[in-house]
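Trainee: For reference, the chains in residue letters:
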Amino acid sequence: MTHSKRFVLALSCFASSLMLGSFSARAYDEPSASALVTSLSQAQSCCASIADLPFQPVALDSTTDVLIDENSPAFEFHTGKSYFAAFKLPENVPTFSVFIQSRAKKSVFSPSVLLLDANRTPVRVIPASVARYTEAQMLDPDSLDMSFNIERSYLDNPKTEYYLVIMTTPSDMAGQTQLIHPSKTFAKRNNTVPPDIDDPIARHSPGGLVKLELRSGTVESNADFMSRVSNKVNSWFGVGESTDNGAAGHQVSAASSPAVSTNVPPQPIGQAIPDRSPTPGMQAQQTVRQVPVNMLAETEAFYNQLITSKVAEGDIDSAMRLVEEAERAGSKTARDSFIEAVKGLK
Amino acid sequence: MTQIKALSAAVAAVLVSSSALAVEFHGYGRAGMSTTGDGGEQTCYGNGPDGHKAGRLGNECDTYVEMSFQQELYNQGGKKFRIEVMPVFTSENDFQGNSAQWNPTYNNPDDDDQVNAWRGGDWSMRQYYAAAEGVLNFAPEATIWAGKRFYQRKDIHIMDWYYLNNSGYGVGIENVQAGVGKLSVAWINVDQHVGGGSINDKDEANRITSIVQSNKLDVRYSGIPLWEGASMELVGIYGWADLTDAQDDLGYGDEDGYFFTAEISHGLMGGFNKIVLQYGKDSMGDAAWMNHGGESSLSTPWWDGAKQESYRFIDWGVINLSEKVELGYSFMYAKSETHGDNNGELNEEKPTLISVVARPMYKWDDVMKTTLEVGYTKEDDIFSGDSVDLYKAVIAQEWTAGPSFWSRPAIRVYAGSFFGDQAEARNDDGDIRVGAQVEAWW
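Protein sequence lines correspond, in order, to chains A and B. Following this note's numbering, the numbering of the first sequence begins with 74 at its first residue and continues without gaps. Following this note's numbering, the numbering of the second sequence begins with 2 at its first residue and continues without gaps.
Residues from chain A that face chain B, not an exhaustive set, calculated with beta carbons under 8 Å:
#	residue
1	209
2	211
3	212
4	255
5	256
6	258
7	259
8	262
9	263
10	264
11	265
12	266
13	268
14	269
15	270
Result set (BS3-like, lysine-lysine): computed pairs, CA atoms no more than 25 Å apart in a straight line:
#	chain 1	residue 1	chain 2	residue 2
16	A	257	B	149
17	A	383	A	232
18	B	183	A	261
19	A	261	B	81
20	A	261	B	149
21	B	183	B	80
22	A	257	B	325
Think of the hints as simulated: they come from the structure by calculation, not from any bench. Virtual Cβ for every residue (Gly too), placed ideally from N, Cα, C.
Go ahead and model the full structure; you've got the sequences and the hints to work with.
Mentor: The following block contains the structure:
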């Protein structure tokens, strides 16, 4: 083959590869946060009560891209008005796990999750504070992620969760998430000094693109599946970083509704210079977040007594569950009681 | 017994919050193939340690792979210990070898000068060090380290140009909060072969007398706030020869010298811009001229053409021109002075160097980009006294995992040419090159 022929071949390959570009998919266009704040303030509440929300069925082992924008329904939750997406969870399946990934660009939807029982009464709230920032890696965008289990071990449990609502609260909407500038990630990989520049900030928005994924098995058993490439590589060498969900959530009892938080009006977007943290990836809250409920001294003592007696009986499992439950309900002494009781066993 | 086991498990579950025992595997690598209009593989203008003064895209001939294994060994109560170990492979370009299946001359020493499946490169341990954070009472935020490492390197990616690279065996303390900024201090060694001695000449302590060690004291102060979104870092390195008594008796040179860097970083158009001023003198006289400035401190100059003084100005950055277009760019100007004229052989004792590179890329989507890189460089040849120039234009189609300028791995095909005096000298002026390359970091 002559040189010129070889070159015609090479260049035509090259040119055709260039043309491939025009067939590529379009990137996701992020809805403007400030436009959504305005549209949300004017939006009508879709429904009379939470039980009447439009629930879409979602299947196990599926991934759903949920676009929350001005076309989404809005509802006046106890915490305040929010656009939302409501789903009916699969029935007659064993315990499964839910993964939520909210994409962050210039803005991000800071997701809270409301779980309802068969009667569509709230039984659990997973607050936005549980979501962790994960920096962009490969094709995965910057995101706020959360994961939790839907317990189905005891089907006659009246608190079994059958409905899921993805929403946000006015106080979370007023917050922001500091992302990591991609040039810094490169510098880390390349053993050079990251440029000393401000990290980008994603304003929390009333809407965004949220990926909802339901998988068989618990969060713990899916840790490998969900973790990103680096963690998969890690698993060659040892234990991959577990997907620490921390998403026990707050149990909703008759006494305390999920709506403990103060009602904050939507904040105007883009006025002040945002405060940056020295640590990227931290979620800064501009407004005071709801504090855990203060437990009654009597209840706290009761829990401690129960924990101590369970340990004494040798029922460590129950004792530990009591510790967790007590802490969720606001106990500050349950863990210490447990440790003291265990020490006393010898 | 069972109860005790259950108990200890339970207590562990309650008390242990988290442990980070997983090994992280990170790295960097490049490798590729090429052909040219005149036949054969492409020639490369600057590669690896030389740096690419007309830009690196379509101009890399080597295979280079860094494998970094990092592990946080301990992280409790604000005390952290971690190690990093990095073996690196680099190719011997003329004998890179083929896949092991084809060439039958596996590992015969007689065939050392031939293409061979079982050769073609070298391994080196480029990093092995440990770092600890939270162990100093007076500065819990600081990190101490010792070993061999890449130390706070600064590079222009599109040129593979490390304008500050004081790496090697050393010890140091990093990121001590001091006033408005952070202070880092390190002591790093560099070895130099000096002429005249044999590798067999050793002193009483069995040290080779023809290898001279120099010490470098590296002091950095970063994070000095300037205007909104901008900060400055100041770096001073002082290098001095550390002669043994035997070397003293032999009358070896014991030059010292220094290298100073001031760098301003600021955010610009969704990215950043850096302005760098550097000055090197005496034993570190070539530091503001060469790639990897800060590494060498010459106890005695290699020869008369070595630089006894240099300064350099750099402006570079990566910015977003639009949602779809990102631009990497660099401008560099350097001037130096040689030690002498080498008995009249050198016609230019104060050479200058200029380099301009721009790499705009259009992002079709999250995985595909079209990238153009144009470069120009002109440098005084110290022998002839003439300035020789080099122009380059390369266009590439790249598939990357992610939309950013920094997204990798990149699988790229490219076509382009070099022009000008340096290309003419290699009979490569305007010759078209076509190639494919992987570049990755993870």
